[in-house]
Amino acid sequence: MAAFSPEPEKRHESPLPTVNERLGHLKPSRELLEYYRRKIAEYDGEYEEMVRKLELYKCTYEEQHKTQWELRQREEEIAELQKALSDMQVYLFQEREHVLRLYAENDRLKIRELEDRKKIQHLLSLSKMTEPEITYFHHQPPAKAIVAQHKPRDKEGGGRRPLAGRGPGGHKRDSTGNVHPARNVAEADDNQTLLLQIESLQAQLEEQTKLAKEQVDALFEDRRVHMEEQQAQRERDADKIKTMQEKLRKTQDLLYDSTKDFLELKYEIRAKERHWMVDRDRLAQEIDHLREQLDVSGVSVLEVSGEVMEPRQVQLVAVQSLRHQLEQTQKLAEMYREQCIGLEDEVARIREKTDVSEDIFKERTEKMSKRLALMNSRYENLEKRRAMEVEGFKTDIKMLRDKLKNVEKQLYKVTVSMGDDYDEQVLKNVRKTAGRSKKLVGELHNLKAKIYSLENDVRHMG
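Position 323, counted from 1, in the sequence shown is what the working numbering calls 473; the numbers after and before it change by one each time, with no gaps.
Misleading hints may appear alongside valid ones.
DMTMM-like mimics (lysine to aspartate or glutamate), calculated; alpha carbons at most 25 Å apart, straight line [stated by the list, open to error]:
#, residue 1, residue 2
1, K363, E245
2, K397, D407
3, K600, D546
4, K598, D546
5, K555, D403
6, K233, E574
7, K517, E245
Quick list of the computed label-pair ranges, beta carbon to beta carbon [said to hold, decoys possible]:
#, residue 1, residue 2, range
8, D367, K208, 50 to 56 Å
9, L252, A229, 51 to 57 Å
10, V201, D372, 29 to 35 Å
11, F511, T545, 49 to 55 Å
12, A523, E396, 17 to 23 Å
These are computed hints drawn from the structure, not numbers from a lab. C-beta: ideal position from N, C-alpha, C; glycine also.
Construct the entire structure; sequences and hints are all you get.
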């Protein structure tokens with residue numbers, strides 16, 4: 151017995167058989183090997199095709215991201231250019247108002263210059279200067295002395311012709327030759343000055359009306375452009391939100407399916423583990439039963455044969471039987487081990503896929519939250535800008551009303567200060583001015599109604 155004791159120790163110390171040894175025991179055919187080679191080649195081809203498709207998808211996604219970034223930059227540039235255009239229009243209207251003020255000041259100075267000339271002529275006539283002379287006006291004192299030239303001037307040269315039928319000092323003579331003060335001439339000069347003032351005020355009123363109309367048209371055009379841009383932006387945002395919601399729904403469905411598959415596979419793996427434990431217990435019971443049968447069969451053989459076998463032979467028979475059982479058990483263990491490894495790989499793959507799906511879902515949810523916050527801030531900015539535009543419209547209308555009242559006051563003063571000889575003409579001018587004022591007031595009322603409707607639209611949109 152001691153001579154055979156190293157053999158069980160050697161058997162216990164022997165390592166597990168390798169894959170080649172197991173294949174040698176299985177002895178696969180050439181057709182089976184060729185089949186598995188084809189399968190491996192197909193799997194390699196599918197893997198390369200999937201890698202190529204992933205690279206193509208990556209290039210397409212990067213190109214799409216680059217295009218979206220460039221489109222966003224172009225939209226920002228367009229918004230900046232539109233803002234600059236609006237600012238330029240505002241500056242242009244301010245410059246035009248300044249030019250109109252300069253024109254009004256120029257007209258006022260011309261009328262004042264004409265009045266000064268008339269006063270000078272009147273003073274010269276009172277000082278009994280009969281010879282015509284040239285009068286020069288300088289904004290600054292000249293560097294040299296200027297001597298007045300005593301020569302006659304015609305009407306085109308800006309001079310003053312001697313009045314026929316007048317005596318010294320510019321007084322009229324009657325039929326008997328007597329000289330009377332020129333009150334009618336002074337009244338005519340005053341009327342002419344007032345007419346010039348009326349013409350200047352009418353021209354200013356027309357220019358102001360034209361400028362106000364252009365400003366209103368520009369504001370309406372700017373409003374129309376902004377509304378179109380906002381409508382287009384809302385449509386784009388609605389499309390993006392719809393697309394994101396569809397992607398979110400698909401992602402949720404994919405996550406649900408992946409979680410469901412993962413739970414099903416986990417349940418199947420646990421069921422297979424339970425089945426494997428049952429099989430292992432059954433095999434252990436069978437091994438114990440076979441060992442008992444082996445012991446009983448050895449004793450019965452000895453009893454039936456009537457011969458006493460040597461212990462060495464009994465031990466060899468038991469060792470061979472145990473080796474055969476061990477080989478069968480190892481084969482089953484390897485088979486179950488391979489199944490467990492495959493199932494573990496499948497579980498790891500499903501878990502990795504689930505983690506990737508969860509990460510993608512979280513990332514898309516965060517992006518959608520950021521975009522929603524950005525859209526809300528943009529809508530708030532648009533509402534603030536629209537409120538400021540409405541306030542600007544109200545301020546412009548108030549300024550136009552004040553200007554109209556000032557013009558009406560000036561016209562009323564001019565009408566009151568005119569003489570009796572030109573009452574009819576003044577009344578006609580007043581009627582014309584009143585008609586234009588009514589027309590302008592009507593336009594202002596229409597503009598006010600449009601602004602009120604715009605405010606109602608803004609409230610409904612808000």
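Going down the list of hints, with the structure as the test:
For the hint linking K363 to E245, the alpha-carbon distance of about 16 Å falls within 25 Å, and the restraint holds. Distance hint between K397 and D407 is fulfilled; the C-alpha atoms sit about 15 Å from each other, no more than 25 Å. For a cut-off of 25 Å, the pair hint linking K600 to D546 stands: about 14 Å separates their Cα positions. Proximity of K598 to D546 is assessed by CA-CA distance (about 11 Å); at most 25 Å being required, the pair is judged to hold.
Pair hint K555 plus D403 does not hold up; C-alpha atoms about 70 Å apart against a cutoff of 25 Å. For the proposed pair K233 and E574, the alpha carbon gap of about 52 Å is over 25 Å, so the pair is violated. Distance hint between K517 and E245 is unfulfilled; the C-alpha atoms sit about 47 Å from each other, more than 25 Å. Here the CB-CB span from D367 to K208 is close to 52 Å, well matched to the stated 50 to 56 Å.
Checked against the hint of 51 to 57 Å, the C-beta distance between L252 and A229 comes to roughly 35 Å, which is inconsistent with it. Between V201 and D372 the beta carbon distance is about 54 Å. The supplied range of 29 to 35 Å is therefore violated. Separation of F511 from T545 is about 51 Å and conforms to the stated range, judged on CB atoms against 49 to 55 Å. Our hint of 17 to 23 Å for A523 and E396 holds, since their Cβ atoms are close to 21 Å apart.
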